[in-house]
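A.B. asks: Please build the complete structure, drawing on both the sequences and the hints.
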Amino acid sequence: MIGPALLLLLAGLGAIAWVSARMRAMRLQAAARASGRRDAMHSLPGYHGWYVALWTVLPAAIFLTVWANVAPGMISRSVLEEPAARTLPADEFSRAAILSEARAIATGKLAAGFQPLSQPLVEPYARITGQYDMAGMTLALLLAFAGGAYAFTRVRTDFRARTRVERIVMAALLLASLLAIVTTLGIVLSLLWESFRFFSMVNPIDFLFGTKWSPQAAAQGYGTKDAFGAVPLFWGTIFIGAIIAMAVAIPLGLMSAIYLTQYASARVRKWMKPMLEVLAGVPTVVYGYFAALTIAPALRDFAVAIGISGASSESALAAGLVMGVMIIPFVSSMADDSINSVPQSMRDGSLAMGATTSETIRRVLIPAALPGVVGGVLLAVSRAIGETMIVVMAAGLAANLTANPFASVTTVTTQIVQLLTGDQEFDSAKTLAAFALGLVLFVVTLLLNIVALRVVKAYREAYE
Amino acid sequence: MSAATDAPRRNPTDWRSDVMQRRIARRYASERMFKLAGLAAVLVSAGFLAFLLISMLGAGLRGFTRTEITVKIDLPATAPGLTPATVNARSLIAANLPGVVNDAADEALGPGGAALLSPGAWLTLRDAILDDPQMVTRVETLRLPASTEIDLAAKTGGSPEAEASVERLRKAGLLSTGFNSTFLTTSDGTDPTQVGIWGAFKGSLLTMVVTLLLSFPVGVATAIYLEEYARKNWLTDIIEVSINNLAAVPSIIFGLLGLSIFLNLLHLPRSAALVGGLTLALMTMPVIVIAGRNAIKAVPPSIRDAALGIGASPVQVVFQHVLPLALPGILTGTIIGMARALGETAPLLMIGMRAFIATPPGGITDPATVLPVQIFLWSDEVSRGFVEKTSAAIIVLLVFLLAMNGLAIYLRNKFEKRW
Amino acid sequence: MAMTEEQAALMPTNPKMTARDVKVFYGPKQAINGVSIDVDMDHVTAFIGPSGCGKSTFLRTLNRMNDTVASARVEGTITLDGEDIYASSMDVVQLRARVGMVFQKPNPFPKSIYENVAYGPRIHGLAGSKADLDVIVEKSLRRAGLWDEVKDRLSDSGTALSGGQQQRLCIGRAIAVEPEVILMDEPCSALDPIATARIEELIHELRGRYAIVIVTHNMQQAARVSQRTAFFHLGELVEYGVTSEIFTNPRQERTKDYITGRYG
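Residue numbers (the numbering used here), protein chains in the order written: chain A, 1 to 464; chain B, 1001 to 1419; chain C, 2001 to 2264.
Just so you know, these hints were derived from the structure itself, not from any lab.
Quick caveat: nothing in here was measured; it's all calculated off a predicted structure.
The C-beta atom is built at its ideal place from N, Cα and C for all residues, glycine as well.
Worth double-checking, as some hints may not be accurate.
[Said to hold, decoys possible] Keeping only pairs whose Cα atoms sit at most 30 Å apart, straight-line, the calculated BS3-like set for lysine-lysine is:
1) A:K270 <-> B:K1297
2) C:K2111 <-> C:K2151
3) B:K1232 <-> A:K457
4) B:K1297 <-> B:K1414
5) C:K2105 <-> A:K457
6) C:K2029 <-> C:K2256
7) A:K270 <-> A:K457
8) C:K2023 <-> C:K2256
9) B:K1232 <-> B:K1297
10) B:K1171 <-> B:K1155
11) A:K270 <-> B:K1414
12) B:K1035 <-> A:K270
13) C:K2130 <-> C:K2111
14) B:K1297 <-> A:K273
15) C:K2105 <-> C:K2151
16) C:K2130 <-> C:K2151
17) B:K1414 <-> A:K273
18) C:K2029 <-> A:K270
19) A:K273 <-> B:K1035
20) A:K457 <-> C:K2111
21) A:K457 <-> B:K1297
22) C:K2111 <-> B:K1035
[Unchecked claim] Estimated spans, in silico, between C-beta atoms of each pair:
23) A:R454 <-> B:F1415: 34 to 42 Å
24) B:L1402 <-> A:R77: 54 to 62 Å
25) B:G1362 <-> A:I306: 50 to 58 Å
26) A:I306 <-> B:L1265: 49 to 57 Å
27) B:A1312 <-> A:V19: 23 to 31 Å
[Said to hold, decoys possible] Partial chain A-side listing against chain C, Cβ under 7 Å, derived:
28) S345
29) M346
30) G349
31) A352
32) M353
33) E359
34) V364
35) A368
C.D. replies: Below you can see the structure in the form of structure tokens.
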């Protein structure tokens, strides 16, 4: 196992390499200067130091990373070849369990084991692990010394150390940038992989178009037919996020942006614009709690008072309302930017013809700013349907296909949370359904974002 | 094509006619309504925010206080084995302080008096003794925390029996309100009078540290690469597209990613700050990249030209000239990104942070929870006493976010140079 | 600066708009310092002067476009047909329909050519029916000299036209509400010479029907299109007179210096 001691040792070696290379470079520099040529040395001594230090540490570090991933497998295989392993059962699953327990005891993580069969394996495990550790450490140190020595011999006055070091820096920057791609790939692949496994258990058509959602029934062995129809979830997501929330956010967001850009004095704008941004900064769990604690009961009482049946204390309206308020800054800030990028000459042209400010806004500015506003709305919808905490806390778990805003509906995100809570058998259709839902959510939000950005980009180019 | 096509002058519009005047009046009225609608929109938004904050404040401030009952405890009589010299943690356990407290309560407050106190009241006695060991030699009057029912009844109202007890205690002068110090020093628990946010807070802190350590270098490095060194090729395009998409992916998807890769593939410890930090780092990194790119873009090319002109290499130009100037903007963006990560709940639920954690985490691999998840867990609790605790936790969270955003704004105003 | 006797003698006898002792302030800074001038229907009036001397600022007081700038303050009296346009009884919306404006850079709305011209009549309710509106649009585009070029593509976007065509579209748009005065703020400075010539021809045709005031930094243009010229310098009206006189025999030293190109 790679202990912190080894890492410290490596770092120490790197430091020594740095210091000694630098000293040598400084000596060479002094000699070159003494010979009369001022620019004899290509790179500053510090760069030589870094060059040798990097050659000392990096190869060993890369080796250790690979070793840490590969060694446990090799150790396990060696243990299995031991005579003590012949008593192990044949099936893969219990064998792996016994091995991991033996490993845990050998490395000291576990004081005693549950399985009797693991006991005889502990000693071979400890012994072989020790051997491999020694081998790994030796190899790492050898690499460090070899790398350092090789680099040290190259320290000369005309050696372009700085160029090399800078190239390594650039490579590091590029590697860091690749992490973005790796993450995206990671998301896509993990979602696809798990969804694939899900769709081998449940027909995709049933999933995408079925109207009965009761995964609990499937878990209890009633079969997967008619248990994973996600349409009620899609409906709930759209109902709360795209309909109710937008009905709140679009008028309030757009009119706020119009007021702040066209009517408000600079002082009012200075205070109100940050206030709208604060709305976006409040954590969604706070919104969710507020919705569940205050808004939902009030709405339910209201509904009962005006005689609507089926009013629940976890209503789509409560969640949608609060979500709409949270989304206001997304709509208003995009609208603000769009309206401001309409050239002032257009506004002047309309006013000079005797139009009132509101006529100018309604007939000239908004139509001109429309692509930007639409883009903002699409981004807001994308944000709303991906929102989790507000709906988990304020909407419900009932997969209803209803248009009654006072009733309880559930959403894709709520169900993802619900399915992955509690005991997870990671192979059951129930937990894999969460990934399938995640895939749908990812694809839809991605499409919305792409369309929105394209709309906004085309609009910006029109006004450049 | 000249004015000859319509030589006689067209009748000028009669602006004074009734029709015109009415129409103009209508247009002005519509203008007023429109302006009012805009103002109303702004006020409604502000009003909602105020409503939210005030209601949280109202419910939560009470969470910082607790009702206390004055109880006389005769330590020499009820805990005879203790002397000032032998007082230590272990001997206090052996002394059965809970029993001492129950007996004292029953005696001082009447039968059933023990139920009026919080189950954790004995901890107050224990801490008092540890502070002042001489206490074991005398009869001491202590203010002990009351039970949830009494606490609620004293603050807002409760069952008739509870309210009657409150009245009785108040008349006897035994009721008082004190600062709820346990709220800031303990972790999750079963009884509302014993819970605190320290465990969740420490978990948040550890998670934030991991997030920052991972997302900041990678984010800044990516921003530098994209802005300064990347050539216009397909690889750069893919990186940019990835960043923009990642910035817009719902946070719960990152939770699914964390679950399938960090937990199931790499077998990292569940519900640990390490995994939470890794997941949030992936989520925060695009935010830092975008803020970093904007900050670097804002540095005028003349700075770079000047540096290149005296012979600096491209790496030196960036690290020694551009980056220092872009740093305030990068830091502002980072703080804002971290504030967002601090408030995130959904991805951490996915990686298992929704378990009941009764002790603060020791390191980044211990099971932990974070403040927003703690709030979520408490919001589900049935006991009414949790309402004020949840709101109080929300206040703590909001205060921290306010401080972070305030710091970001301060940095932005102080260091942002207008070129 | 009140008008001198001499100046008063030169002013037109039947003015459409009059300005007396007009001062304009942007915050604490004074941009216009006591200008008095008259504008009438029969003569095209040109405002000339070096950049930043206040010609455009003064022009914008005539249709109260300075109102859109928060820090602007106007003093003095400006009348249209005898009525003070800054009085509270004057309706700004009406005023701007009666006093139209064409801007330096053509600014057609991102709508069709038809809708651009129909904008004014629509909001002011000047057309009773679609047929009436069609008549107004055609008439305005004919008068602006654009009809033949666009009559087959009225639904094309106004921004798809060339620069000169766009400016003529803006003139047509202004004409569509039948103003009495048209203010032109350097209408040709963004156009090429051919388009400029076209617009100058247009101004000749429109003269007499509308009182036209044109701000220009091009002295030759002022000489070509106007009959009365006012020379502005540093926010003051230095000299006003018959165009040919101003350019051949200016009375003021400053005017002469400007005309002869000693400063620009």
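A.B. asks: Check whether the Cα positions of K2105 (chain C) and K2151 (chain C) lie no farther apart than 30 Å.
C.D. replies: holds (24 Å)
A.B. asks: What's the verdict on K457 (chain A) and K1297 (chain B), does the C-alpha distance respect the 30 Å limit or exceed it?
C.D. replies: holds (19 Å)
A.B. asks: Against chain C, run the beta carbon of V364 (chain A) and see if the smallest gap drops under 7 Å.
C.D. replies: holds (6 Å)
A.B. asks: For K1297 (chain B) and K273 (chain A), compute the direct alpha-carbon distance and say whether it is at most 30 Å.
C.D. replies: Holds: K1297 (chain B) and K273 (chain A) sit about 24 Å apart, inside 30 Å.
A.B. asks: Given the hint that K2029 (chain C) pairs with K270 (chain A), does the C-alpha gap stay at or below 30 Å?
C.D. replies: holds (25 Å)
A.B. asks: Is the interface hint satisfied for A352 (chain A)? The criterion is a beta-carbon contact with chain C at less than 7 Å.
C.D. replies: holds (4 Å)
A.B. asks: Less than 7 Å between beta-carbons is the criterion; does M346 (chain A) satisfy it with respect to chain C?
C.D. replies: holds (6 Å)
A.B. asks: Taken at face value, is the distance from the CA of K1414 (chain B) to the CA of K1297 (chain B) at most 30 Å?
C.D. replies: Since the Cα atoms of K1297 (chain B) and K1414 (chain B) sit roughly 19 Å apart, the hinted pair holds (cutoff 30 Å).
A.B. asks: Is K2105 (chain C) close enough to K457 (chain A), meaning Cα to Cα at most 30 Å?
C.D. replies: holds (25 Å)
A.B. asks: Between the alpha carbons of K1414 (chain B) and K273 (chain A), is the straight-line distance 30 Å or under?
C.D. replies: Distance of about 20 Å is within 30 Å: holds.
A.B. asks: K2130 (chain C) and K2151 (chain C): Cα distance at most 30 Å?
C.D. replies: holds (17 Å)
A.B. asks: Starting from K270 (chain A), check that the Cα of K1414 (chain B) is at most 30 Å away, please.
C.D. replies: holds (17 Å)
Hint check: no violations occur; every hint is consistent with the structure.
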